[in-house]
Amino acid sequence: MNKALILVLIAEFLMVAGQICFKKSANRINIEKTAAKPWIIQLLDGVLAYPLLWLGAAAMTAGLLFWISALTNGQLSFVCLLGSAEYIMALFAARLFLNEKITKTKLIGTLLITLGVILTAVS
Amino acid sequence: MEKIIKIGRVPLKIFLFILINDLLDTGAKLLMKKGLGSCDLNGVASFFHLLFNFANHDILLFWIGLILYISNFILWMYILSKIDLSVALPLAGTGYILIPVAAIFFLHEFIPPLRWLGLVLIVLGIYFVSKSKPSETAP
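Listed in order, the protein sequences are those of chains A and B.
Just so you know, we're using the numbering used here here: the first sequence kicks off at 1 and counts up by one.
Just so you know, we're using the numbering used here here: the second sequence kicks off at 1 and counts up by one.
Certain hints may be false.
DEER-style ranges, computed between Cβ atoms [what the hints assert, rightly or not]:
#1 N2(A) - S46(B): 30 to 40 angstroms
#2 W116(B) - T61(A): 29 to 39 angstroms
#3 F54(B) - F92(A): 39 to 49 angstroms
#4 L5(A) - S71(B): 32 to 42 angstroms
Derived lysine-lysine pairs resembling DSS-like cross-links, with alpha carbons at most 27 angstroms apart [unchecked claim]:
#5 K6(B) - K104(A)
#6 K24(A) - K104(A)
#7 K131(B) - K24(A)
#8 K82(B) - K133(B)
#9 K37(A) - K82(B)
Read the hints as simulated data drawn from the structure, not as lab findings.
For clarity, every value in this text was computed on a predicted model and none was experimentally measured.
Using N, Cα and C, we set each Cβ at its ideal position, and we do this for glycine too.
Produce the complete structure using the sequences and hints provided.
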């Protein structure tokens, strides 16, 4: 069980890091309603030129591999249970790296979702 | 000015995109798993050989899944360009509800009371998160 725990935590860490990179890349996208360039091209222009995106994709892939190895080392419900920690991790990571505020409503909502995921995982 | 329908402070359009993102994500993963499922794996070399072995028609499912996965990523980037990460991620947890609800309606599965409670908490949580103030002035 301990091995699965460590693997899940590493996986979470990598996935949250990946999401932070994605969000930083996404912040550069500013889609304008011009007919000259369709929105999808504007999106790809903004995204693909940004190295952080590729770092994010690498972190995400590595995270997924850790996740899979966690699943082969532990029970599905146990891994999903720990997986719910991702929301709380993301909340603090977003505050640290993206300056997203932790408001009372957001904190309450995130905790409720986490608790809900835990309950659906164990039942 | 055009009136935007919102759920909490999140535009309905973005909310629906998150739901579509969840569904596509699940679909893509299932396809990839199904595509690889019937194969024996031993080592990286045999893995790559397997991926390009189109004589095995199942592997096409894997590739369709992968293409779906990548296009879904573009949708996710669009969502992230519009709302905070700390809002988008919990909202993506809606997927946790879709599957049990689908199981109730289509498979007539029994849902234990504790899981019902979990589902209610997730819905409540989504309500709160969607109401939280965005930290930056969204475009």
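Hints, verified against the model:
1. For the pair N2(A) and S46(B), the beta carbons lie near 31 angstroms from each other, so the given range of 30 to 40 angstroms is met.
2. Evaluation of the 29 to 39 angstroms hint for W116(B) and T61(A) yields a pass: the beta carbon distance comes to about 36 angstroms.
3. Range check, F54(B) to F92(A): about 46 angstroms between beta-carbon atoms, so the 39 to 49 angstroms window is met.
4. For L5(A) paired with S71(B), a C-beta distance near 34 angstroms keeps the hint of 32 to 42 angstroms intact.
5. Our distance criterion of 27 angstroms between C-alpha atoms is met by K6(B) and K104(A), whose separation comes to about 20 angstroms.
6. For a cut-off of 27 angstroms, the pair hint linking K24(A) to K104(A) stands: about 24 angstroms separates their Cα positions.
7. With a C-alpha separation of about 23 angstroms, the suggested pairing of K131(B) with K24(A) holds against the 27 angstroms cut-off.
8. Between K82(B) and K133(B), the direct Cα distance comes to roughly 14 angstroms. Compliance with the 27 angstroms bound is thereby established for this hinted pair.
9. Pair hint K37(A) plus K82(B) holds up; C-alpha atoms about 19 angstroms apart against a cutoff of 27 angstroms.
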